[in-house]
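*Asks:* Sequence:
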Amino acid sequence: MSTYPRRLILGAAAGVTAATTLQLTATTPARAAGGAGQARQAGREGDWAAVPDPVPVPLDALYDNDGIDTASARGGDFEGSGYTFPGEELPAGRVEVDGIPFDFPASTAGARNNVVALGQRIDLPPGHYLSAVFLTAGSYGDAAGTATVHYADGSTTTAGLGGADWYTAGGALSAPYRYKPDGTKDEHGVGIGTSEVWTDPQREAVAITLPVTHPAAANTTSLHVFALSLQPVAQGRALVLRDAHSTGSLLDPSGAQSVEATVVNAGTVAILSGDEVSVRVEVPGARTVEPARIRRLDPGEQARVRVGIRNRTGTAPGTEQDGTVSVRGRGTQVTSSRSTLRLGTADYQPTGDSLAGHQAPYWFQGAKFGIFIHWGVYSVPAWAPVGVQYAEWYWDQMQDPGNPTYAYHRDTYGEDFAYDDFIPRFTAERFDPRAWVELFRDAGAQYHVLTSKHHEGFALWDTKVSDRNAARHGPKRDLVKELFEASRRYAPGLHRGLYFSMPEWFNPDNPWMGHAPRNPYTLEPVPYTGYAAGKDYVRDYQAPQMLELIHGYDPEIIWCDIGGANDSLHVLAEYFNHAKNRARPVDVTVNDRSGIAFHDFTTPEYTTYANTVVAKWEASRGLDPRSYGYNRATPDGAYMTAEEVVRTLVDIVSKNGNFLLDIGPRADGTIPEVMQSRLRETGEWLKVNGEAVYDTTYWSRTAQSGEDLRFTVRPDDAFYIHSLSEPGAKLTVPAPVPVRPGDKVTMLGHDRPLTWTVTGGSLVVDVPRAARKAGRHVWVFKIDWRS
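Mind the numbering: the sequence shown is residues 207 to 993 in my numbering, read in order.
Treat the hints as calculated values from the structure; they're not laboratory data. Note that CB positions come from ideal geometry on N, CA and C, so glycine has one too. Take the hints with a grain of salt, since some may be wrong.
Said to hold, decoys possible - Listed next, the in silico BS3-like pairs over lysine-lysine satisfying Cα-Cα at most 30 Å (straight line):
1) Lys391 / Lys786
2) Lys741 / Lys950
3) Lys786 / Lys687
4) Lys822 / Lys786
5) Lys950 / Lys936
6) Lys741 / Lys682
7) Lys979 / Lys936
8) Lys670 / Lys687
9) Lys822 / Lys670
To be verified - Label pairs and their calculated CB-CB ranges:
10) Pro331 / Ser883: 53 to 59 Å
11) Ser479 / Asn783: 40 to 46 Å
12) Leu324 / Arg695: 46 to 52 Å
13) Gly520 / Gly770: 42 to 48 Å
14) Pro610 / Lys682: 29 to 35 Å
15) Ser883 / Phe623: 29 to 35 Å
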């Protein structure tokens, strides 16, 4: 059996949206039921039940798509355009992913090996299960839909089932290339991830109906399912340990290295503080200095834990050792997992394998809300058709005679007015960096990301690589330096980041758009201000500029864009080493647009994921209906309202994302008043409700129930229900909410205990008028587990 650890899970941890709540008072331990279980379960008779092994479910009869080829066996077509996974890079037969066995299809000539989700029914071995775990991938985008679980009593529950685009990143099973229609290799990574659908363990499950997406066709999004495995429930008190692995992340404030693992309550009895459940690491060369503790874990729930370890004297950073991650409870070892652990972090090397050991920092995972700032020469014309185009793409859009910007520029400025003639008008004369960062702080943001250089190639810092920058032209100021200094001084709690465009539209040494600057009306060449000819674009220009930012400004986020030609392996290795080798190491992060497969988080823009995505992600959009840069044509009434901002933030956070909300300052450095108002109003909501946002995690069962309810969790402390509309006299939550007798329920901003019951599988909370009137935008109800 091959074992594939979870390098990056891109699938949705989607859950039940209507289910019977587990018994709240079940306390009697039961003897293990079904199968030999796993050796990881041990203890006194009746204390801990053995967990039945996962059950792979054959899908052969449903396979209708051939998406895997080999060099010698051709004929597949995964996405309707002739591309396929490389069978040489994928397993065949029984394979274990994150401790769960699957029957993965073989890639024989002409054999079908996945099912495109079109509402097919999968019959299950009748039984009581915690969850159904799928191996999935999307084609032509991230794919998602609603799956239905059928039970023997005729009832059903529904849950989200999704798959990330196979081409955007790796997954639990990944390959470094795919096959083109002509059989040659396309050197771009592709992957298959996991997606988990929660089932009601109190009912006997008999079938699952897949979502209805689309047949596999070019430019059409489809969900592909390769394999399915079921996790049976154990009767009694039981835990399962999954995906134990070392990381390069540090625990705050101790600075200990983090070893992560997922603990699943696989039984029918809640884990409470009296069970004294803890997680430790035993490995030669290091010692546990911060055990993880689990004080509350209801049946079917998951907890992602972090154990702190430190190397012993003489253990070199980066040493690999086989070790054991173990869970103890009630004075006995409950479960354990053997893993090869990397002890400490050696310097990163400029290779994909080395960078793959990096992940999004814990501060970033907990921050949830950041401010994006698009500011540059494009802030001078500041125009695009409202709700249609990005105003910051002005220079590119004016090249096309069919684009409205072409006519707008001619009629407003004249055919002889070059884009670079805007540079002297980019003055930043009213730029007040202190006012900016205090606004971001008051908005409740935890970080900010400034465009250090957009596609126009005009740098906002004093770059020594090119004279095309704000210190030489326009403002004649180092705008990045001024903002970062103000942030450190006046809003030290904010983390600082920089956007960087990898290519430039019209850089003569490597023009992304295929030509150097020219007059779009006469096609005659025009100057590229500050340009000095003869550079190798990547080696002498792009990479040195990124390194200037890394060493000169210490950004905690590098937010790359577009990708393309790059030396990102070397640059990012230097970035990570520079951060970790400081006297006081700092955890930094990079997104998925640097031009290489490695990344810490993905970045959907002007959209979000439909379900929870376990791999870290960040959605961005402007307050403007369709622009990041300032658009003078946009009326105030078209901007997002504070209610829309808050609802979007809550939706994203409930699905494990961050929200990077963009503002577009004017060319003089002022932030439009409507943007300031929206940010301050968002901050007022967060002052009251921030505990349900910051440092929370997604609920492992489901992100939402219906259109109006979202969920977040503060591990061991509290469970939060977010109502996106004003509740009535009673709030009904048709989901298996983890609430027990004795738990206190309040509404943030009202804080007086509310009466509640569990009726017919739904939590029902009485909401007095005073509570309803105390809330706005989103009403947040807290189940306090510590009470």
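*Asks:* A separate judgement is required for each hint: does it hold in the structure or not?
*Replies:* Results of checking the hints against the structure:
no., hint, verdict
1, Lys391 / Lys786, "violated, 37 Å"
2, Lys741 / Lys950, "violated, 65 Å"
3, Lys786 / Lys687, "holds, 22 Å"
4, Lys822 / Lys786, "holds, 21 Å"
5, Lys950 / Lys936, "holds, 16 Å"
6, Lys741 / Lys682, "holds, 24 Å"
7, Lys979 / Lys936, "holds, 14 Å"
8, Lys670 / Lys687, "holds, 14 Å"
9, Lys822 / Lys670, "violated, 35 Å"
10, Pro331 / Ser883: 53 to 59 Å, "holds, 58 Å"
11, Ser479 / Asn783: 40 to 46 Å, "holds, 41 Å"
12, Leu324 / Arg695: 46 to 52 Å, "violated, 58 Å"
13, Gly520 / Gly770: 42 to 48 Å, "holds, 45 Å"
14, Pro610 / Lys682: 29 to 35 Å, "holds, 33 Å"
15, Ser883 / Phe623: 29 to 35 Å, "holds, 34 Å"
When the structure is compared with the earlier hints, violations turn up for hints 1, 2, 9, 12 and for no others.
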